[in-house]
Amino acid sequence: MSTSMTMAKALNEGLRKAMEGDPKVVIMGEDVGKLGGVFRITDGLQKDFGEDRVIDTPLAESAIVGTAVGLAIRGYRPVCEIQFDGFVFPGFDQIVSQVAKFHNRSAGLVRMPITIRIPSGGGIGAVEHHSESVETYFAHTAGLKVVACANPSDAYWMIQEAIADDDPVIFIEPKRLYHAAKDEIEDAPTPIYQARVVRPGQHVTLAGYGPTMSTLLESATAAAEDGIEAEVIDLRSVSPLDIPTVLESVRRTSRLIVVHEAPQSFGVGAEIAARVTEHAFYSLEAPVLRVTGYDTVYPPSRLEHDWLPNLDRVLDAIDKIMEY
Amino acid sequence: MSTSMTMAKALNEGLRKAMEGDPKVVIMGEDVGKLGGVFRITDGLQKDFGEDRVIDTPLAESAIVGTAVGLAIRGYRPVCEIQFDGFVFPGFDQIVSQVAKFHNRSAGLVRMPITIRIPSGGGIGAVEHHSESVETYFAHTAGLKVVACANPSDAYWMIQEAIADDDPVIFIEPKRLYHAAKDEIEDAPTPIYQARVVRPGQHVTLAGYGPTMSTLLESATAAAEDGIEAEVIDLRSVSPLDIPTVLESVRRTSRLIVVHEAPQSFGVGAEIAARVTEHAFYSLEAPVLRVTGYDTVYPPSRLEHDWLPNLDRVLDAIDKIMEY
Amino acid sequence: MSEHVHAVHPEPDLVQLLTPEGQRVEHPDYPLEISDEDVAGLYRDLVLVRRIDTEAIALQRQGELGLWASLLGQEAAQIGSGRALKPHDMAFPTYREHGVAWCRDVDPLTLLGLFRGTNLGGFDPREHNFNLYTIVIGAQTLHATGYAMGVVRDGAVGTGDPDRDTAVLAFFGDGASSQGDVNEAFVWSSAGNLPVVFFCQNNQWAISEPVTTQSRVPLYQRASGFGFPGVRVDGNDVLACLAVTRKALDDARNAQGPTLIEAFTYRMNPHTTNDDTRRYRLGSEVETWKLRDPIARVRAYLTREARVDLDFFDDVEHEAKKLAEHVRSGCRALPDPTPESVFDNVHVTMPDELQSQRAEFVDFVSEVAS
Amino acid sequence: MSEHVHAVHPEPDLVQLLTPEGQRVEHPDYPLEISDEDVAGLYRDLVLVRRIDTEAIALQRQGELGLWASLLGQEAAQIGSGRALKPHDMAFPTYREHGVAWCRDVDPLTLLGLFRGTNLGGFDPREHNFNLYTIVIGAQTLHATGYAMGVVRDGAVGTGDPDRDTAVLAFFGDGASSQGDVNEAFVWSSAGNLPVVFFCQNNQWAISEPVTTQSRVPLYQRASGFGFPGVRVDGNDVLACLAVTRKALDDARNAQGPTLIEAFTYRMNPHTTNDDTRRYRLGSEVETWKLRDPIARVRAYLTREARVDLDFFDDVEHEAKKLAEHVRSGCRALPDPTPESVFDNVHVTMPDELQSQRAEFVDFVSEVAS
Ligand SMILES: Cc1ncc(C[n+]2csc(CCOP(=O)(O)OP(=O)(O)O)c2C)c(N)n1
Ligand SMILES: Cc1ncc(C[n+]2csc(CCOP(=O)(O)OP(=O)(O)O)c2C)c(N)n1
Ligand SMILES: [Mg+2]
Ligand SMILES: [Mg+2]
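Residue numbers (the working numbering), protein chains in the order written: chain F, 13 to 336; chain E, 13 to 336; chain Y, -8 to 361; chain L, -8 to 361.
Any given hint could be a false lead.
[Claimed, not checked] DSSO-like mimics (lysine-lysine), calculated; alpha carbons at most 30 Å apart, straight line:
hint	chain 1	residue 1	chain 2	residue 2
1	F	K36	L	K77
2	F	K46	F	K59
3	Y	K281	Y	K312
4	E	K36	Y	K77
5	F	K194	F	K29
6	F	K46	Y	K281
7	E	K46	L	K281
8	E	K29	E	K59
Rather than coming from a laboratory, the hints here were simulated on the basis of the structure.
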């Protein structure tokens, strides 16, 4: 396989590897078969692995997740595709009350190695319900892990690690990056639940995940022109959070800005701010700032680029935090 | 009506007032009719207002909420009862994608004056799914308001204000307080979205809502014996948050502890910590501390009292925060 | 899931009043008295809504719309059912019922905002008794059911007063029939004997999935399990759709409870302008269905059997051209919302926290602008 | 919702093999060859599970259990269906199938932890092919459906090998029939022709709501709308429940797809030990159903028609006493979980953040203790 590819292709290859590696891995969802999913992430997999392993399901998210629970009890390792972020909610009960709890309820005797893939976030000019950021709902739910890939290499490796994990994993895929620039696939994975410093810096730390990482890197480059060296961290895992990596950085920079697309209030940024402030109270020169979606309904697409965290808003926050 | 009553009775009286005051108010849910609900909150209402206004629905939460949306479009003001916190999830999609968004999607032309009552939290020795704290999911959802009553008087007034509000309101009822001690009903309400200082103090601020308020007050009393005067704030509204009231207090006490039953991570405490730290950074002598449920599945009832925030854990946090 | 044969051929139990060849046929349960003018009126509707659809697709190609869900092939199902409604009845569409919107006198431009990305619907469902488009599959069937509960509570069913008795028409697709919400709507309307008619356009496909992925029996049969009548109608026959829906709506208004109508039709275009049908269906299937075109049969009937003025067809063509122009220019003229408008109508009264987010945003946007 | 008459009388379409008077009757579709020993065995099961139930209620009164959901009146439905299962079949119960658990050789004490509050289930469903109790109404029907998908993928259906072919039995109640999940389970198993049998115990009540709140037609008819067979059986007739479930399970194993069985029975006790029936139902209704007691008719049959040893009934009584003692003492002896165990098994591997929460908790608990 070529080692340079888009995120969409990387996910497709990662899924293929997972299916080759374990006959118990099954993919299920709406239009994942012949169509290869509306984003073509499962392209060709039904042809190669058959209809029993790549399952075009009836149109019912609660059943997609609920039957995955039954498949897991029977010893399978289901990978559910939710067609768009906004459509995970009909399956919410099965995820939160069944998938997340089953292992615990069975005293650890039954595992739920279920991966729920969710093409997420905005920026693609879609209609309503197609640009939601739903990670916080799951991060607040004990028993679930929530990760987000931000580049092809992570996409390739993380999807395999998520599927291999015996715990249920909500796998956030930044849909607007699916067909963005190709990139090299690294030879080995960075462990899935570890954050990664993607750009070193000493004046301020920028932490994000998934769709916002490119914005963070551009911001760091722009800030560098004004002599501000921003350290950029790709959290990769939203739950569990790799706080030690963030703390190590903040102890050096004394400043932290968290960025995400989900609405600000009660979002991921709040948890990071609370935890970092608790553990690095005396290291902080300024409060943790958040650059996020606003506390509104996701806007009509003509307005999404004003609404989403962008370069200007991050630079603005950097100016603000440097003034403390 | 006697002016001293239990929270259960106060809610019942508040609902009765709301129904008397507006013929468009309808109550709907499982067993709310003859039985008066499993907690008897709607006791006698069907007898007095008829089966058309107090509706025993089929067993389907998505439909309870979804039909409420249709009733609202037709001009009704539905009050939905979710039998227990853990059973709101089958209705999650209708709440998050329809109830919360409809007013916005209609450009403000259609209002969703829907109140969703949720008996919440633990401490009653119940089986699984009957002791969940679900407020954070809704607080993170733009378009919804989330409030919690902590005493009979607030229960009486807040349920009426929630029903009168033209925005959808998630109404959190701390079920373990339903039949706790009677209390006086005040002559006038404190506006529903305002926090209230329920005990003044100058050394540390304790903020909570709903089920944990009694624990906070006991903790303040106990702390006072050691000469620590804790100011106790009943937030009352989780979303919107009345941050100004908290800030005013914290600027005096320089210390804040937030308490809630929901799991700690990505919970309400995180948002309060993040916002207060941002706005009162230089006033804080210590990081905001959180005394909350742990990041686990709600435990079997024999363990819930160890698991829940309790007097000892709050006092422990007070000692900790005073050491800064 | 096990193997299925994908049946595209209408079954014997299909109600038809106008054959694909344009022959008027009778059905014992669905007598239809209709004047030539009225048939001509339906023809006009069919042609005009197809034209709206054609224009919208073109506008999407030109980048004026972000997306469009075409109704091509489903005109008869939508016009037949739409014209069966009385003004005070209420319709709950999915995202494809542009033909029903037309019957409700909703200006096509009103529908475009959602697809252009200038709003999320943005109209008042009560103005034309036509609800906002609903994209979350099946959700609107519960809204329709609840609305019908309201109708009952308003005493607007079974009074015998034609201006008062009200019915609700809920649209959904073959794929949607698998959603919990849709089946809960069946449970409620049957148990509550509610004045709601469920109109399922079985266009054979849910994006790339054939209807057999959802059900191994005809969808209209679903109703019987819930205790109310179901009927399958030729969805490409505007007269049959009109007659069958009229009867069901009358029953609803007369407190006879719900009916499920399965309009057996076909999605001639891709699911939306984003879709690529070559991956999952055969062109030959589309060809078969072309022979059942909903417009051609009415035109054949009008030319052969009815006495419409000679220039009727030209007039409709002319009208279609004017409508097309209205859609084209109107779409381009749709105002872009102001950035700060994203903060409007999240709540009836804006909470302080959102006020300050808005203020910050406004400063910021102007700052960047300057 | 409109008015309903609450029908408690079995309809003609009810499958019955043993009358309330203990008369053996034949049913053309459900011939049952059964030895006196086996009938005696069923009698023993019925008596013993009723005794478990009686003891559990007493234990709840004494504060040893926080809650109990009584099966009184539903013994025949549960023993008949439970005994129709083969060891390698899989059962998915609600929270009331103590009788089915018994048939799966699950020690009654295993069920008590959930109700005592010492665990959340805490056993391995695969040990006895009996799933954890599921309290979220309807959720388990989808788990059963998914499990059946696994069975198909394992090639364990339709092979003709009795030790290999596997069926799944999903239990739910009359109220649950309204949940989206249950209807989605019907959609999937029908479209997928899955080896799952849906066993609905229509005990006439969902807490305080009569079955007419959920449906105006018999529940077994629901299946036809989804394209698979439904049958109503006398849920107080253990022989009929056995025969009907056996046939349905055989069909499932033989790749004939799903069946819905409605066991027409009655919840003789309150919904749970927390419930108060006086608020919503008449004692006379309970009296009527006492005449249809599932145990009395088997005893009548055995005494009248069968040749069981004279002391058989005494032996069963004696065995019941011993079982009661086992339940009583066993319940009191159930170990309390250690406080820190709440952190176990949230994840297979405990994340660092949870580790530190645990550490803090452990220090804290010991601190307070000391
Ligand atoms: C709950 C939900 N899940 C998935 C989707 C994505 N989606 C949009 S349309 C569609 C297919 C709908 O098929 P059908 O109900 O037959 O209607 P049609 O598009 O054919 O008119 C799907 C899966 C959605 N909009 N909502
Ligand atoms: C999703 C959900 N909603 C509500 C409840 C509360 N509840 C527990 S049992 C019950 C009634 C169930 O009735 P039925 O399905 O007939 O079963 P039965 O108890 O009669 O055996 C209800 C409403 C629940 N457990 N789950
Ligand atoms: Mg379709
Ligand atoms: Mg029942």
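field: Ascending list of hint numbers which this structure does not respect
entry: none
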